[in-house]
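Asks: Each chain, written out:
There are 2 protein chains.
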Amino acid sequence: MRSFSNLTYGFAGLGLMGGSLAKAIRAKLLDSASARGKILAMDSNMAALASAMEKGVVDEVFEPEAAALMLKRCDIVFVCLYPAKTIDFLKEYRADFKSGAVVSDISGVKTGIMRSLPDILRGDVDFICGHPMAGSEKEGFYHSSEYIFEGRNYILMPHLSNKPENILFFKGLIGALGFSRITETDYELHDHKIAFTSQLCHVIASALVESAEDAEITAFGGGSFEDLTRIAMINAPLWTELFLANRAELLAHIDAFKVSLEKITDLIRDADGDGLCGVLEAVRVKRTAMSTIELTK
Amino acid sequence: MRSFSNLTYGFAGLGLMGGSLAKAIRAKLLDSASARGKILAMDSNMAALASAMEKGVVDEVFEPEAAALMLKRCDIVFVCLYPAKTIDFLKEYRADFKSGAVVSDISGVKTGIMRSLPDILRGDVDFICGHPMAGSEKEGFYHSSEYIFEGRNYILMPHLSNKPENILFFKGLIGALGFSRITETDYELHDHKIAFTSQLCHVIASALVESAEDAEITAFGGGSFEDLTRIAMINAPLWTELFLANRAELLAHIDAFKVSLEKITDLIRDADGDGLCGVLEAVRVKRTAMSTIELTK
Chain G
30 MRSFSNLTYG FAGLGLMGGS LAKAIRAKLL DSASARGKIL AMDSNMAALA
80 SAMEKGVVDE VFEPEAAALM LKRCDIVFVC LYPAKTIDFL KEYRADFKSG
130 AVVSDISGVK TGIMRSLPDI LRGDVDFICG HPMAGSEKEG FYHSSEYIFE
180 GRNYILMPHL SNKPENILFF KGLIGALGFS RITETDYELH DHKIAFTSQL
230 CHVIASALVE SAEDAEITAF GGGSFEDLTR IAMINAPLWT ELFLANRAEL
280 LAHIDAFKVS LEKITDLIRD ADGDGLCGVL EAVRVKRTAM STIELTK
Chain L
30 MRSFSNLTYG FAGLGLMGGS LAKAIRAKLL DSASARGKIL AMDSNMAALA
80 SAMEKGVVDE VFEPEAAALM LKRCDIVFVC LYPAKTIDFL KEYRADFKSG
130 AVVSDISGVK TGIMRSLPDI LRGDVDFICG HPMAGSEKEG FYHSSEYIFE
180 GRNYILMPHL SNKPENILFF KGLIGALGFS RITETDYELH DHKIAFTSQL
230 CHVIASALVE SAEDAEITAF GGGSFEDLTR IAMINAPLWT ELFLANRAEL
280 LAHIDAFKVS LEKITDLIRD ADGDGLCGVL EAVRVKRTAM STIELTK
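Note that the protein sequences, when read in sequence, are chains G and L. Residue numbers for the first sequence follow our numbering, so the first one is 30 and each next one is one higher. Residue numbers for the second sequence follow our numbering, so the first one is 30 and each next one is one higher.
Hint data in this document are derived by calculation from the structure and do not stem from the laboratory. Among these hints, one or two may not hold up.
It does not matter which identical chain is meant; a pair holds if it fits inside one copy or across any two.
To be verified - BS3-like cross-link-like pairs, simulated, lysine-lysine; straight-line CA separation at most 27 angstroms:
(1) Lys-84 / Lys-167
(2) Lys-315 / Lys-167
(3) Lys-292 / Lys-167
(4) Lys-127 / Lys-315
(5) Lys-192 / Lys-84
Excised from the complex, chain G in its bound form:
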C-alpha cells in the first residue's frame, strides 16, 4: 500500500473543511523529517491561500484557473466545495486528474453527485463518495482545525467501480486523520439519514432562534437553548443549498418531527401527567441507548 507520508494531496476548496483536512494531513501524516508528501490547494479566496502558505499548511497554491495544473500532480484529491459546485468541478476537470488518483468529496447531500457519476467517472481515476461528519458553526479556512475530526463518524458510499484496494487505502487515510467510526452505506440511505441527523437539526435550531422574542433571552439561559442553537449561527447559502438538494427527505423528517411534537404538546395541553411521563421515560431510554461518541468541543 502507498505510504501516506509520500503522497501529493490536492484540495479543491480550502475553507473550513478543506482547511481542516489539510491541517490534519500536515500534522498527522507529513510532520516527520522523512515525509516527502506535499499538499497543494486551489481556492478562489486568495487570503485563505496566503494564510495556508504562511502557516505552512500547504506547499503550493493555485488560483481556480490553474486547477488543472494542480490536479495532474495529485495522488489524492479532496473536493471541498459546496454540493452543486462539487458536481460541476468533477465534471469540468474530469480529464485533468492524474491517472491512478483517488478523488473524494465532502458533500452533505449525495443523490445529485451519484446520479452524475457517468459524467464524472474515468476508468483510471477512482472517485470515492464520502461525508466526514464534522464541522463547525464557524466557516472558512480561518476557523479550520486539525482537531475537529477526533472521534467523529465518516460515511462512505462505495460504488461498483471503486477498486477494493482504494477503499481500503482511503479508510486507512481517514482513520489516520482521527475519524473513529466509518459507516458504509448507499447514497439514498445516506441522504435519508442525514436529512434527520443534520438537516432537520439545523431547521429546528433555526426555527427556535427565529421564534425567540429577542436576543437578550440568553440572560435566562442555562445551557439548553445555547446547545440547541449553536448550529443556528448558520452558513445560510450552504444550508439553503443542502436543504433544497435534499428537499423530499427533509420534508418527510420535518413531518415526522411535527407528529412527535404534537403528541407531546397534546399531553401537556391535556395536563396528562402519566401519559407525558411515560413518553419522556421512553425518550430517555431511547436516547440513552444511542451510542454517541464523546465529542470534544
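On the provided structure of chain G, position chain L as indicated by the hints.
Replies: Just chain L now, kept in the frame of chain G:
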C-alpha cells in the same frame, strides 16, 4: 456582612443540584483551616447522604423526619426539592427555620411558590426566590459536581419583604460559587422566559428523539443531533412536573416555535432559495448577537 466561611449551611434535598451546591460551598468557602462553617443535609436517599459524608462534602446528615432539627441550626438553607415538594416543605417547616435565616430554593417554575408566599413567609426569616441556571442530563448526588456553576446565570426574583442586605449577601454567596451573571426579575417574567430557554428546548429535544427511526441513527451523527438531544436523557418525573406547572407559558412558546418551523418548512417546500437564505441569514445574525457565556462541558 457575615463571613461565608463561618456559617451553617443546610440542604433540604441532596440530589444533583443540592449536591453540586454543597460541593461548591465545601470547595470554595469552607476549605481553609480557619473555616468554622458547616454543611448539614437532609434527604430521603440514605445512600446519597452516606456518600456525601464519606466524601467529606457534608458534616452531618438528617433523615426527612429530622428536618426540623436541622433547620433550627442553619443560617442559610437551600431547598433543593422538586417544585411541588419545595412548596410543601416551605409550608410544613415554616416554624422550624432559625430566626434570621436566609432560605432559598432552586425550582425551575416560580408562579406556584410565589403565590404561596403568604403561607411561607415569616417576618424573621428571609425567603429569596432563586433559580441557578445550571444542571445536567444526569441526576442525583452521584453526578453532582462543584464545577457546573462556572460562568452560569442565576436568576433572582426578590420580593418586597426581602431585606436588601440579605439580597446583597446572597448575591455575594452565589457569585463566590462560580455564577457570573445574576439577573433580577419577577416570577411571572421568569416563568415566561424559562418556558422558552429551558422547557421548550426539552420538549423539542424529546420530540426529536421520539421521531428518530431507531437508536442506530447516531452512526450518521456529526454532532448536531447529539447536541440537540443531550437533554433528552431526561429526568421524566421532574420535567413532567415542570412542563405542567408552567403549562400556559410553555404552550404559547410551542405555538410560536411551530409558526417559525412552518415558515421555514414552507420555503423549503416551495424551493424558495432566496427566501430561505434570507431567513437563515437573519437567524444567523440574531443568534450571533446573543451573548452566551462560554460553557465548560
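Asks: Please go over all the hints and tell whether each is borne out by the structure.
Replies: Taking the hints in turn, this is what the structure says about them:
1. For the homomeric pair Lys-84 and Lys-167, the shortest alpha-carbon distance inside one copy (19 angstroms) is at most 27 angstroms, but the shortest distance between copies (42 angstroms) is not.
2. Taking the closest pair of Cα atoms, Lys-315 and Lys-167 come within 27 angstroms of each other only across two copies (15 angstroms); inside a single copy the shortest separation is 31 angstroms, beyond that limit.
3. Within a single copy, Lys-292 and Lys-167 get their C-alpha atoms only as close as 35 angstroms, which misses the 27 angstroms cut-off; across copies the closest is 25 angstroms, which meets it.
4. Neither within a single protomer nor between protomers do Lys-127 and Lys-315 lie at most 27 angstroms apart by alpha-carbon distance, with minima of 48 angstroms and 46 angstroms respectively.
5. Taking the closest pair of Cα atoms, Lys-192 and Lys-84 never come within 27 angstroms of each other, the shortest separation being 35 angstroms inside a single copy and 59 angstroms across copies.
Comparing the model with each earlier hint shows violations of hints 4, 5; every other hint is respected.
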